[in-house]
Amino acid sequence: MESLIGLNCSAVECTSLSPSALIWQDVLAQAMTGELVAAMNYTSLSEICDDPEQVADALEHAEGERGHAAAFAAEGRKIGVDVSNNVDAKHWKRLRDAFMRCITGRDLIGCLIVQEIMLESFAVASYARVGKVAPGSLGKTFASIAAEEAEHIDHAMAILRTERALDGQRFDDKVYRLHLDVMTTLAEMLARECKHGHCEVCHGSCVKPSLSVVSLSAAELRGASLQQYLKTLDTLGIPGEVTLAWVTQLPV
Amino acid sequence: MGDSVASVASRGRTIEVDFALVGHQESWRAAADVLAVLRGPEHTPLPDDEIKDILPWIPPRAVCHVDVGSIVGAKARGLYIDSFIPPDRLEAAYVHENIARVRGAAAYAIKAGAKIVSLGGFSSILIEGNFDQLPERHDTVFTTGNTLTVGFIVQGIKKMCALEGRNLLGSTLLIVGATGDVGSGCARCLAPIVRRVLLSARNLERLRRLVAELQADGIEVEIGTDLQQFSAEADVVICAASLASPSLLLGRIVSHAIVCDAGYPKNLSPRAEMPGVKVFFGGLGQITGGLRFAPDFHGVLNRHPFPDVVHGCLLEGMALALEGRFEPFSQGRGSITQERVEEIETIAARHGIYLAPLYNANGPVKGGLHCQWERSGG
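Those protein sequences? They're chains G and X, same order as listed. Numbering (my numbering) for the first sequence: 736 to 987. Numbering (my numbering) for the second sequence: 19 to 396.
If we strip away everything but chain G, and leave its shape as in the complex, we get:
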């Protein structure tokens, strides 16, 4: 597993840690990986923007996401765990590849839909849930990063609504195509069990069955994420009966 951020901390003897610390270790690893993928996405986005202001925005977002990743690593150190990351883990790589297809097509709107509507909905909702149950500064960090990510969505929403106003049908078709690609992967990630083998981010066996130890569940994280996604699509103006069908057709 290749790590993008050098953590500069010693390896931790896991057997000496509480069961909850080991669970937080995997939760943090997933979050950190997601932030690093987002940072890479924003950096790629900056390379297809023509407007210098957009370039600066994208680079600023990339830096912000790297900051979030570092914050998660720091929270791991506080509880005595080494938070690794793997942006090449199979689900995350598929998500990154979906984004890069938009980059290759110089599809700025597609990039925003993938990153801001789909990936950020997942991040905002799941971080907020974790923020409610995680102890001390760990919880505060998740909650504050959830709030920052929500601002990203707001920022993109104005651009996307303007785009949808130009040609609603074309816009909705594009969202649906990207939904099939990206949300299918996210749904598999959030399924109760990893049916296609190890996710390549968790340290040992899959963390999902153990989440109840820290008052979480995979079902809750999935539910909250899909709810946030539906609400975000509502805000864009896509008919609710259409997005409901999209979501119910996702794999479980």
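To be clear, the hints were calculated from the coordinates, so they are not data collected in a lab. Cβ atoms here follow ideal geometry from the backbone N, Cα and C, with glycine treated the same way. Fair warning: there could be bad hints in the mix.
[Claimed, not checked] So the derived list for chain G, only partly shown, Cβ under 8 angstroms to chain X, looks like this: (1) LEU901; (2) LEU961; (3) GLU976.
Position chain X relative to chain G; hints supplied.
Coordinates of chain X only, in the frame set by chain G:
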């Protein structure tokens, strides 16, 4: 037949919405069927445990488009909006969460531009005494739909009595859930035309107020909270209580009694043993001018053994939309009168909306298939 989910997508944003129907599913089986239609035949149905995990997270939203026709040629277009109240969370402990869901569904209807909204099932129960809790309404009006529900309950009672050769004038009527909007409406319509009236409800204070109102009109009624005692004395029973699940047992009911279960969810427990008792599901009407769902939810959103049967509370909004009367016909609690029932029955009948064929859990009631409109007046 209706359209596929995919083909509805492109129509979603262009249709003018006359009415919206706000509802929820009364069982997990019903919820599973709705999700199965949305998933489409190419996807395997969701396992039951996944449905229980997913459904509570779905925000209130439209599930399908509804087109309704009138026998005089009028047409109205609408939306069915599900509040996605989980079927096992209908009890009082979830009341605030459920009100929030109904508010969300109401807001969705307003945003969709619905001119009139019918609040079905628990949606009306939650709002009937709390209209101030609805979102700012703009040009949208809301009706609980309870007046037409009362009309169809009363028509059903009369029909069943006729089928059984029973004289309503000589009957002892028991209303369970008598202080609710539907129960009190039934009391006002039927009390003047039966021999004896027994009213049962959990809230004694509200019962006393209803008694005072009926006595002011010269009608003698008896009240009680001991349902088993009353059920041993009544030969016509209307069950209109707000129960979270079918749990009512009428253990001492007389063997020839007629029982109308008008609850949503149903009131009568499947375990209720009532040999010889004639049970039917009340408050249902049938559209004869055409009903179309897109995507096709026939038999899924309206789970009845006859086509185009819908709960009276939802039919009220459709009838008013067909009539072009976009007004809050049924609001508040305890204001349903005989005159208002006759008025909405007349509107509904003008557009071909009649009492549905009578049926119960075992299927159609013998002789109850050919329904003609009968006014609920004495």
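Outcome of the hint check:
The criterion of a C-beta within 8 angstroms of any C-beta in chain X is not met by LEU901 of chain G, whose closest approach is roughly 14 angstroms, and the hint is violated. The beta carbon of LEU961 of chain G is positioned within 8 angstroms of a beta carbon in chain X (closest approach about 6 angstroms), and the interface hint is therefore held. Because the beta carbon of GLU976 of chain G sits about 4 angstroms from the nearest beta carbon in chain X, less than 8 angstroms, this interface hint is met.
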